[in-house]
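Colleague: Here are the chains, one letter per residue:
Number of protein chains: 2
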Amino acid sequence: GIFFFRNRHALGVSVMHHYTTFSTSLTQFLLSRYFAFCALFVFLFLVIATYNRDYVDSMPPDRDLSKEIEEYAEVCGSLTSDLEGTGPERFWIYFVTPTYVRPQQIPELIRLSHTLKLAKNVHWIVAEDSTSCSPQTAEVLRRSGMPYTHLISPMPAYFERFLRKPKGVSGRRAALQWLRHHLKDLDSQRAGILYFGDDDNTFDLKLFSELRKTMSVSMFPVGLVGDYGISSPVVKDGRVVDFLDSWADSRKFLVDMAGFAVATDFLMSRPSAIMPYLPGHEEDRFLQSLDIELEDILPLADNCTQVYVWHTKTLERDRGVIQHPKGWRTLDTNLGSLYEVARYLGLSDVNASR
Amino acid sequence: GIFFFRNRHALGVSVMHHYTTFSTSLTQFLLSRYFAFCALFVFLFLVIATYNRDYVDSMPPDRDLSKEIEEYAEVCGSLTSDLEGTGPERFWIYFVTPTYVRPQQIPELIRLSHTLKLAKNVHWIVAEDSTSCSPQTAEVLRRSGMPYTHLISPMPAYFERFLRKPKGVSGRRAALQWLRHHLKDLDSQRAGILYFGDDDNTFDLKLFSELRKTMSVSMFPVGLVGDYGISSPVVKDGRVVDFLDSWADSRKFLVDMAGFAVATDFLMSRPSAIMPYLPGHEEDRFLQSLDIELEDILPLADNCTQVYVWHTKTLERDRGVIQHPKGWRTLDTNLGSLYEVARYLGLSDVNASR
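As you go down the protein sequences, you meet chains A and B in turn. Just so we're aligned, residue 310 is where the first sequence starts under my numbering, counting upward by one. Just so we're aligned, residue 310 is where the second sequence starts under my numbering, counting upward by one.
By construction, these hints were calculated from the structure, which means they are not laboratory data. Hints are supplied without guarantee of correctness; some may be wrong.
Copies of the same chain look alike in the list, so a pair counts if it fits in one copy or across any two.
[What the hints assert, rightly or not] Computed cross-link-like contacts, DSBU-like style, restricted to lysine-lysine with a CA-CA straight-line distance of at most 30 Å:
#1 635 / 545
#2 561 / 545
#3 476 / 493
#4 561 / 635
Everything numeric in this text was worked out from a predicted model, so none of it was measured.
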C-alpha cells in the first residue's frame with residue numbers, strides 16, 4: 310500500500326511542475342481546492358476537539374447524570390464460600406473485572422482465574438458490558454471453583470456517541486453497587502479489600518499479600534503503563550508525596566486502575582464515592598470522591614520499589630471465518646460440533662456457502 | 310492519513326483530465342514513468358519471492374546445516390522433584406517454552422507459571438534466545454516452586470539475514486536435546502509427554518489431563534489461529550483424516566505449535582527427529598521427522614470438538630523512557646530503587662538528563 314502511495318505522490322509532483330508552465334490560473338484553482346480540503350480538515354478537527362472537551366468539562370455532576378442516562382445492572386449468578394486458612398489476613402479481596410464479548414475473552418478469563426485461584430480468598434466480581442448474561446463467562450466462573458459474582462451492566466447508550474468511550478465504567482459502578490449491598494448484609498464491614506483488575510493485566514501472587522495490608526487506600530507501582538513504561542507513587546520517608554506517571558492532564562492522583570486498592574470499611578464510610586464516566590479520569594475522580602489526601606495513602610510493594618502488577622494488553626483480533634473444507638460433511642465428522650463450539654466461544658463464523 | 314491520500318487522489322485525477330487537452334506526449338511520458346514504477350515493484354517482488362523461496366527449498370538438510378551454522382546451548386539451572394498424586398496418569402508433562410527478553414517477558418512467564426503450577430506434574434523447560442542466562446527468568450522459575458529446566462540457546466547468527474526469522478526454534482531444539490539426554494538417564498523412558506507451549510498462549514487446565522492420554526502423537530483444536538480463528542484436525546470415525554486450517558502452503562500436517570503432543574517413549578524411538586529452522590513449517594517438518602502418518606495421530610479434546618488452548622498474543626511495546634520528575638531526588642525517595650527495578654525488569658530506561 311505504502312509503495313503505491315509514494316508512487317502516486319511522485320506522479321503528482323511531476324504533473325504540478327510541468328503544469329505551472331501552461332496555466333497559472335488552473336494552478337490557483339487547484340491550490341484553492343487544496344486549501345479548501347485543508348480548511349475542511351481543520352474545521353472537522355475543531356468540531357471534534359470542542360465536542361470532546363465539552364463532554365469532559367461540562368458534563369453534569371454524577372448524581373444528576375444518573376437521572377439523565379439509564380443505567381442497568383443485573384446479577385447473573387453468585388457463589389460464596391467460607392474463607393480459607395487462619396490468621397489476621399483471613400478476609401476477602403473483592404477483585405473487580407469488567408469484561409466484554411470478544412474472541413479473546415474466554416481465554417483471558419480462564420488464565421486470570423488460574424492466578425486468582427492460587428491467590429486464595431479472592432471473591433471475583435466479573436461485570437460484563439452486555440444486556441444479557443453470557444453463558445460462556447458463567448461457565449468459566451463456575452468451573453474456576455472460586456467464589457464469584459457475575460454481573461451484567463451495559464454502557465448506557467448515551468456514551469455511544471463519543472469517540473473515546475468510558476470502557477468498563479458501567480461494570481465497575483455495578484460492582485461497587487453490588488459490593489455496598491453485599492457488605493451491608495455482613496456482620497463486619499471490615500470484610501475485605503476492593504481492587505480493580507482488568508482481564509488482560511498480569512498479577513504476581515505477591516500482589517495479593519500486599520493488598521491485604523491496605524488500611525484505607527493503598528497504592529503501588531504498575532508496569533507497562535504509558536511512555537515511562539511504569540506508573541508509581543513517589544514515596545519519601547514512607548509517605549506518598551507525588552506521582553511518577555507520563556500522563557498528567559488535570560489529574561490529582563496519577564495512578565493506573567490496577568495501581569490502588571481500597572479497604573471496604575473505608576469505602577462504606579464514603580457512601581457517595583463513585584466512579585464517573587470520564588475516560589482517562591476514572592481512577593482520579595473515584596479516588597477524589599473518596600475524599601482522601603496524599604497523606605492518607607499507604608505505599609505498598611516495599612515502599613513502591615517493586616512491580617507486582619503489569620498492564621499487559623492482549624492483541625485484539627476479529628472473529629475468524631471458517632471455509633468449510635471440500636470433501637467432508639459436518640455430520641459424520643467432528644466439524645459440525647467444532648463449528649458450534651467455535652461460534653459459542655466467539656472464535657469464528659462459518660462461511661454460509663458450504 | 311487516509312483522508313490526505315484521498316485528497317491527493319482527487320487532485321491527481323483533476324490534473325490528468327485537464328492535462329490531456331494540452332499535451333499528449335507529456336501524458337505518455339507520465340504513463341511510461343508510471344509503468345517504470347510498476348515494473349520496478351514487480352521486479353522487487355520477484356527478487357524477494359525468489360530469495361525466500363530459495364531459502365525454504367534449497368537449504369541444506371538439517372544434519373549438514375548443523376555443521377554450517379554454530380548452535381550453542383547451555384543449562385542455566387534445573388530443579389527436579391517427585392511426582393505428586395497416584396494413579397496411571399502420574400507422569401511428567403515436559404512443557405517447552407521458548408522465550409526472549411522484552412518488556413512483557415516477565416509478566417508473561419509469571420502468569421503462565423500460575424497455570425502450570427495448577428496443572429501439577431509439569432516440568433517446565435524454558436529456553437531463552439540469548440547468549441547469557443537471564444537472572445529475571447531464573448527468579449520467576451525459582452519462585453514458581455515447580456520443577457523446571459532453564460536453558461539458553463541463541464538463534465544462530467546465520468538466520469539474522471532472513472526477513473522471516475525462525476523464532477524460538479533454537480530454544481525448542483535445545484529443549485529436545487536436553488530432554489533426550491534427561492530421558493536416557495531415567496529408569497523408564499515412558500516417562501512423560503512433550504508439549505510446546507509458547508509464553509503468551511493460554512491453556513485451559515483441561516488441556517493437561519487430555520495431554521496425558523497421548524500414546525505416540527496426539528492432536529487437538531487451537532483457538533485464535535489464522536483466518537479461520539481456529540485450527541483443528543478433521544476427525545471421522547475417531548481418526549484424523551484431514552485438517553481444518555486457513556494456511557496450507559506445502560504442509561502435510563496443518564497444525565499449530567500448540568496443537569499437538571508427543572509421548573516421550575515415541576520420541577526416543579525416533580532418534581533423528583528434529584525441528585528445522587523453517588519459519589511456518591516447524592511443526593509440519595518436526596512431525597514428518599517423527600515418521601508418522603495420519604492414522605498414527607490420536608485426536609484429543611473430545612474427538613477434536615473442544616477448545617482447550619488459545620493462540621493469544623500479547624501486544625508488544627518498547628521499553629519506556631522515564632523522565633525524572635523535578636523536585637525529587639533518587640536517593641531520599643523510592644525513585645532510585647524503582648528505576649533499578651524498572652531497568653532490571655526491562656520495563657524502562659531512565660532519561661540520562663536528570
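Colleague: With reference to the structure, classify each hint as holding or not holding.
Modeller: Taking the hints in turn, this is what the structure says about them:
| no. | hint | in the structure |
| --- | --- | --- |
| 1 | 635 / 545 | between (68 Å within a copy, 14 Å between copies) |
| 2 | 561 / 545 | within (18 Å within a copy, 62 Å between copies) |
| 3 | 476 / 493 | within (28 Å within a copy, 54 Å between copies) |
| 4 | 561 / 635 | between (61 Å within a copy, 17 Å between copies) |
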